[in-house]
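The task is simple: from the sequences and hints, build the whole structure.
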Amino acid sequence: MKWNQLMAVGALAAITGSSFAQAMDPLQLRSLAASCANCHGTAGIAEPGNESLAGVKKDELLKKMMDFKTGKKPATIMHQLAKGYTDEQLVALAGYFSALKK
Amino acid sequence: MMKRRQFVQGLGAAGSLGAIALTSGCASTPGSNGPKVVVVGGGYGGATTAKYVRMWSDYGIDVTLVEPGSAFISCPLSNLVVGGSKTMADITTPYDNLVKRHGVRWVQDMAVRIDPDKRVVVLAKGGELPYDRLILSPGVDFMWETLPGMTAVGAKDKVLHAWKAGSQTQALRKQLEAMPDGGVYALAIPLAPYRCPPGPYERACQVASYFSQAKPKSKVLILDANDDVTSKGPLFKKAWKDRYEGIIEYRPKHKLVDVDVATNTLKFEFNDDLKANVLNVLPEMRAGDIAVKTGLATANKRWCEVDFLTFESIAVKNVHVLGDSIQIAPAMPKSGHMANQHGKTCAAAVVALLTGRQPNNMPVYNNACYSFVSPDDVVHVTSVHRYDADKKTMLPVAGAGGVSSAANELEGRYAFAWARNIWADTLA
Chain A
1 MKWNQLMAVG
11 ALAAITGSSF
21 AQAMDPLQLR
31 SLAASCANCH
41 GTAGIAEPGN
51 ESLAGVKKDE
61 LLKKMMDFKT
71 GKKPATIMHQ
81 LAKGYTDEQL
91 VALAGYFSAL
101 KK
Chain B
103 MMKRRQFVQG
113 LGAAGSLGAI
123 ALTSGCASTP
133 GSNGPKVVVV
143 GGGYGGATTA
153 KYVRMWSDYG
163 IDVTLVEPGS
173 AFISCPLSNL
183 VVGGSKTMAD
193 ITTPYDNLVK
203 RHGVRWVQDM
213 AVRIDPDKRV
223 VVLAKGGELP
233 YDRLILSPGV
243 DFMWETLPGM
253 TAVGAKDKVL
263 HAWKAGSQTQ
273 ALRKQLEAMP
283 DGGVYALAIP
293 LAPYRCPPGP
303 YERACQVASY
313 FSQAKPKSKV
323 LILDANDDVT
333 SKGPLFKKAW
343 KDRYEGIIEY
353 RPKHKLVDVD
363 VATNTLKFEF
373 NDDLKANVLN
383 VLPEMRAGDI
393 AVKTGLATAN
403 KRWCEVDFLT
413 FESIAVKNVH
423 VLGDSIQIAP
433 AMPKSGHMAN
443 QHGKTCAAAV
453 VALLTGRQPN
463 NMPVYNNACY
473 SFVSPDDVVH
483 VTSVHRYDAD
493 KKTMLPVAGA
503 GGVSSAANEL
513 EGRYAFAWAR
523 NIWADTLA
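As you go down the protein sequences, you meet chains A and B in turn. Under our numbering, the first residue of the first sequence carries the number 1, and numbering increases by one thereafter. Under our numbering, the first residue of the second sequence carries the number 103, and numbering increases by one thereafter.
To be clear, the hints were calculated from the coordinates, so they are not data collected in a lab. Don't be surprised by glycine CBs; every beta carbon is placed ideally from N, CA and C. Keep in mind that a hint or two might mislead.
What the hints assert, rightly or not - Covered stretches of chain A (in silico footprint by chain B; criterion: 3 or more residues with CB under 8 Å from a CB of chain B, positions within the stretch not fixed):
{"#": "1", "region": "24-31"}
{"#": "2", "region": "36-44"}
{"#": "3", "region": "50-57"}
{"#": "4", "region": "69-81"}
Said to hold, decoys possible - Derived CB-CB ranges, DEER-like:
{"#": "5", "chain 1": "A", "residue 1": "G55", "chain 2": "B", "residue 2": "G504", "range": "24 to 34 Å"}
{"#": "6", "chain 1": "B", "residue 1": "T253", "chain 2": "A", "residue 2": "G55", "range": "48 to 58 Å"}
{"#": "7", "chain 1": "A", "residue 1": "D25", "chain 2": "B", "residue 2": "V201", "range": "29 to 39 Å"}
Below is the structure:
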């Protein structure tokens, strides 16, 4: 594993760890996740053309959203939208969608 | 699906529906189950709210949707029908799933009056609907009084707005098809704020695209009351120059003050009269009639001010307003995507209020808006909005959001995916 990958994993672990201290209110999280549903489906299962989020592994989702946020992963709009959410919110969202049924 | 009894049990003693009935004075009819929510308007805002109140109350709250239209017709993508690359069927979705899957009661009627003291909605065909919480998502209506000539008999059938997707969308298409090659299509844009800021500029692109194929000697004239293009300006101007040079002409600072319908002439505050073959007039807009009549349009008598945590009107208790009718927060567009987000925020708050809980005090949501500069190529604008507890409004998150670097076909495919997905989130 290369150094920058290690750093990325480390950063994710740090963010994930910090989220345990302040778990988001479940109803607040449900509303936050609903702001993604316009494009990714009411229950995280998207119509054709966009990615489904339901049941995707938490680490995978979080890495993707963090990479959008930092600009590491190119996108049409997600690099702009991810910047509007705090790291803690992205962690919570990754947890929320990973727990939904595929 | 959770049954109603389980839902009531789940709420616990303090938040039980019996307690709600006592504290709210209960506008429900005797013997009926649980709290009643009435939603007026089945567009992006209202339909989403109806679905999410049902879902998030575990189907315990009774929801009635008042919508006179026979199906949902999307304003987003409707410019493609005007341009001829899509049909009305492509932008139409039935209300069936709201009824079948979510148990929303759909009353195909018009709300004509609201009595906030009795807490009832009066219907055009007769009868009243009682509510504990009323949600109004009536969209925009037009300030015809600013264009005296448009109040003449038959004027509104001849000079179209096509700014509420439906029969006028199709009718405008027919006018363009009937126009001779070498003719002029003139599009008048009102001062902001109006529904869908980039919509008029997208429409100009779609009409120009049609002309370039079918009537290459024809012109598109944009007469904009604003000082400049109000949304995605550089991207639209590039599209007009690169794709539609010689067809589209943009003229800012043209404030329309009247229309001579008999001679197809636009009259402006400071500029010369302009005659064209097809006039497409977007009058100044305000909150939907029912909201204005109910005394909710507290901002300049045009738009409805709301508490952004609940979308409850600042003027009338137990009445919520959302979508294009509201006095927007800074940098918040009047868009279908935004109305869908309002709907979910309001639904969560209404369920909380009716079950004795505090509404979410930190709403965060986004906007994504795609505009077609041809039948396939698209430019977008995005933003993220977060509640500011000090200013008590939604503010754009600094550093987030943005626009496309250039029009492209990939985003065209994402725009259609956006439509499929938001229609499902709103209606299925």
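What are the numbers of the hints that this structure violates, sorted from low to high?
Failing hint: just 3.
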